[in-house]
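Asks: Protein chains in written order, with the numbering used here: chain E, 36 to 806; chain H, 15 to 711.
Partial list, derived from the structure: chain H residues whose beta carbon lies under 7 Å from chain E:
#	residue
1	Glu117
2	Leu367
3	Leu431
4	Ala448
5	Pro523
6	Glu612
These are computed hints drawn from the structure, not numbers from a lab. C-beta atoms are modelled at their ideal positions from N, C-alpha and C, and glycine is treated no differently.
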Amino acid sequence: MTMPIPGSEAFSSRPVDPDELARSLPSSLQVHTVTQEQVDALDPLTYEVIRHRLWSVTDEMGEALKRMSGSPIVTDANDFDFAISDELGQEVQVGLYNTMLVGAVDLAIYWTLRNRADNPGIESGDMFLTNDPWVGGGLHQNDVMVYQPVFHDGKLFAWTSAIAHQPDLGGVGLGSFSPAAQDVFSESLPTPPVKVVRGGQLQRDVADLWVRRSRVPMLIGLDLRAKIGANNVGAERLHALIAQYGADTVKAVMKRMMSDAEHRLRDKLTALPDGSWTATGYQDQSHEGDRDLHKITVTTTKTGNHLTFDFTGTDPQAGVINCTYAGMRGGVMLALLPILANDIPWSAGGLMRCFDLVTEEGTLNNATFPAAVGRGPIGPAWLTGSLIAECLSQMLDRDLELGKNVQATCCGTWDTAVIAGLDERGEQPAPFLSIMMEPMAGGYGARPHADGVDTGGLFCIPMGRVPDVEMTEFLYPLLTLWRREEPDSGGPGRHRGGLGASIAFTPHGTSIPMGLVLASAGKAVAQNAGLSGGHPGNSGLDVVARQSRVAEILASGRMPSSLAEISDTLEPGQNYASSYLAPGEVFSMTWQGGGGYGDPLTRDPEAVARDLREEKITADAVAAVYGVVLAGGQVDPAATAAERERLRGVRRDRSRVAGETRGKADLSSVRRVDDNLVEVGSGAGTAVACGRCGEVLGDTGAGPLAVGIYDGAPTEAGPQIIATAADYVDAPVVFRQYSCPSCWTALSSAVVPADHPDRAVTLGRPTVATG
Amino acid sequence: MAYVIGVDVGGTFTDAVLDDDAGTVLAAKSPSTPPDYSRGVLDVLGLLAEQLGTSLPEMLADTHHIAHGTTSSLNALVMGNVPPVGFLTTKGHRDSIFIMNVEGRYLGRSPGELQHVLGQTKDHALLPKKHALEVTERIDRDGTVVVGLDEEEARTAIRSLLTDGVRAIAVSLLWSFRNPVHERRLRELIAEEDPEVFVALSSEVSPRIREFARNATTIMSTQIGPGLRDYLGSLESSLRTNGLTGPLLVMQSNGGAVAAKEAPAAAISTVGSVLTGGVVGSVALGRQLGHRNIISTDVGGTTFLAGLVVDGEPVRDTTTVINHHPINVPTLRVDAIGSGGGAIAWLDAGGNLRIGPRSAQAVPGPACYGNGGTEPTNTDANLVLGILPEKGLLGGRKPLSLELARQAIDTQIAKPLGLSVEEAAAAIYTVQNAQTGDLLRKTVVEAGHDPRNFVLYAFGGAGPAHCAGYAAEVGCDTVVVPLGPVASAFSAFGLASSDIVLAAELSDPTVVPFDPQRAERNFAELEQQVREGLERQGVTFEKVELHREIDMRYSMQLAEVTAPVANGPLGMPEIEAAAAAFEKRYAELFGKDAGFREAGIQAITFRVRAVGVLPFSPELPEVPAARGEATPFTTRPVQLDPTSGYVDTPVYDYRELRSGHVLQGPAIVEVPTTTVVVPGGTTGTVDQLGNLTIRRS
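The whole structure should be built from the sequences, with the hints applied where relevant.
Replies: Right, dumping it as structure tokens:
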């Protein structure tokens, strides 16, 4: 069933004009608001006191939610968030946890105001629950939002909301994830907003209806109470704040917080040159059995103080790798908040006024019901965020100060492994179900001034964490053979991408095979792209070791440290698979590090030597990727210079040159474009030159740059390419490098499908926006 | 005559308080003397002897014990000023200390830093990889040896560390708290290679589940153990040379002391010693004043420390954060919530007034110090408002520059906001009090309590000027400012009043209900450990109290909540009572419907806390009663309330205050080390111990 279903469009929520929304409400629902004059009349003292108090209220809600929850995805991975919104749902203050959820919260409140105000009504003492990603509130059905209208003097004053990922809400697959799903009917049922609390009372019938669908109903019950508790904390504190300062003053502060955030983002945008930047990325495989690549593409246009993100050209929805409009918007927020708003309070309602989304219905990141969207946040929404980050980085890299927030792409997905089976270690065998949380330890991308953070985490959940091995082994019948940072997994570059890591475990304390469901991406093509000639980080790789010797190895008093020791039958796990892991077998996951920044041949040789000492890279990478010659661990400068010159010669010999260069420019007065390229001249004569050798490569306007282009095998990107593309997809995949055709400095280094758009057209130039 | 002496060695000053059993309390202050802090200790003890009119040897000979708090270990960790340490761990799991569960990137950062994701790095690897070595061995969850220890490989690893100059080795293996056999064998192997090497085992330093925090705790303890051993050894020998016969005790994070010779083996337990002194002092003072619930606020130039006392007992925590690492140390909960008197007022890019978290630090300090600071601080605002005198504090040798304070506020705040300097200063004062209120509230609420049920104590140089303001913001209606002889050395007073506290713990994760015998066995083992520990202290106790605890949690929650367990024989009813206590505490912390028994309760860590009560409980002496009303020594215009402007306000010298004096706000009390504000609408009363109690009129 992939045809759109008539009637389902009523559940698609979109951003609204707040005035229009206010006018559409029935007279039975009075809302509290203030005039612009009241906002303008605030004195700085009152504003700052109440602003800080609203922060403290939000913080208290989050703390309550986090500590009440029973779900390891909340308590360990911090996959949750919370918000305070104004009377119409615009977000005034949001939490710092899963930043993608910020793009979904207000959509659900808008929808609720439009569709619940008459019947069953929105009243004091109510709380709503939804997990319908088309309505909003979350990015897939596992994200559950409980939210509450807060009334003062009979008028709707504000909303509080709490959202958390739930481990299982039914459907055919473990953890509500079905790798073979063709549509949403194989997944957890999306629940549009229902009143779960009425008059302050938890509605037992609704709560039962809710928990009944889950494989872990008790956890779902605990988390439902956690979310209700967090909302109660929020409402109680808001009422106290209103009692102290008056409703109008508090509301005026809420409105001003959003306009303050909006104006500060707009000011920042105004200071940047106008232009358009494009990024294109892929998910390899869309469901069990698929062998295609699926593209998301975005053109980011900055005009004046406004951004437009245009996703036209993105592939149609497919398999399970789709997200709704809320997911696309969440992806944008995951990049925009830390990159453009690190120094602006996260009054997201104001920030979201600074951009528009242009998108076609029925595509990977704007999927139409009944598309399967189980992988929404960790597949397409995440990729959307990575691509937006890539565009914003190109935009900011020109500015040394704002460039501090430039970052090559981080770990580009969540490597999912769900395990379920029987724990036979206790007196009574007990069933268990869990998602392996270790892949939370992804690598961060490299920056213009620093290496990426090794096992820094996930960019979309900045405060995620991985559990301790002991806690995992306490809860589940596993023995973890290793959990370690993987040398070379960070993308090579002048600054190196942060390392990813790997884990290997074997069943321990169970006599029957455990179910193993896999969902991943980024094996055939890189999802952790480099910037400015930096290489992508490692490919992900999941491996099941069948016919394993692990039992004999342990029994003989050894601890294995490589898969090769363990088995000769290493089965690469497909991105989407329903499999099993039997006692005596080993399962290993390697997840992504971050992309590199700048040409690795320009990396400080001493940093390369230090990386080798600290086991961040291998000797292979020292020679082949960085061109550094070491003697007794010490850099040999002369030999290194010669080796690097030789490697640049290799680039020259293997590349074809497109276009013609125009001779050397004077580099004494240039404007930075990125790590390699500069702009020279002015007005109509402005040209792009290589900042290292001064060769003029082309105009800043239209037309491709003169570049050397090379397509080779993916493994030529470095030893971090550990998966074989042909194991996953049919389309050819290449290592594609663009270099300066004069000094052979790498300008762009990627692992992409052979039909990836030609970057010579866009490299180093903002296509100046028209209209 | 017998004395007890508390000595608090801070970064700048070493404070001491002496108490005898006849109602004398003396305090002294002397500069700290890094790197050899023991000189400063002897200096300050000499000052005490002078005040007593006796010699140092005579005073020390009559001293029952000295309780010592030191910041040097914590400073060494924070500054990274530690000797190279080796680390031995289970093969395949070395990188635990580099992965840091990811949280090493953000743990312990302020909200502003948290939002700046791209500004964060994991910059504090505990040690270089060449000193983190793996050994083949594996023990599983149930304590079963899956792979035996490869001793040859272990010896090779140990030799390579020793060859590299390592003189201290931390050993932390997976599941060692379940079965320490391999850790103990490694200690033997190290001793065979070199018996002089300092060794710490995670199964002894921190036998608690979750290997990352256990690894980090063991490594940090090893990093500071040898230094603490050397320092305390030399301090104790010079004290002995000078006549001390009683024990030298060291304060721990848990709010109790331990004998100096016992401290280095579990060095990490002493890192919080200077932070907790104030809380312990609040407990002692609260006992005298009849206050059971206290918020203790210690505000210095650059830090704001908040602690809690509930029902006469300090609020405890099981974990703390040092250098972005979670550290397993039973500790008194002390939150560093703000930046004190030096917090800088600034305008953000949106033109909004903000205060802190950046601080002017000691150098250059507030603009009014005239040391080159140009950014306005709380202190500058207080000077403009008249709260601080321009000529400097009473007896102070340091005049303040009103001109520089006004200039800083005018250029940075007032002009851009279109306010007068006075209005801007008032805004800074008000915002600072309100935000401090928010942060204090967070501390109290996160501990599961309602601030309205507390009395607030304020000490430190920058607390008393603001305490009535922030107390009102959190809803405390009574504020106590200790003004007696220990006003300037309250933390040292806390040290002097501390008992000996030892804690032993063991993770034994299991599901409730479990066999009571399991708990009996665990507690018996832990009680034996603490009793042996108490015997090693070399002190006679008035009595010994044992407290049993279990850290429990619902289902798979990250955070455990500590529940008390009955002493005596345990049966199912006692286990059930402990679970009920957990549920009650959980509901206090998170709301009454938050618990969900059906999800299951797990017992994770068992703990016994032993309090060896010392035969000495210092009390503050009574001050003389007032005869007649308090007389201000001057008045000056002060603005405490933006709506009423500057009001001619009486200023009192604290030395002239007597028990029973009543000060109607607005009023100011000047003390050599601080200034107390009694706002309009409140009344300050001097109690029988000389403290100023401020209440709403």
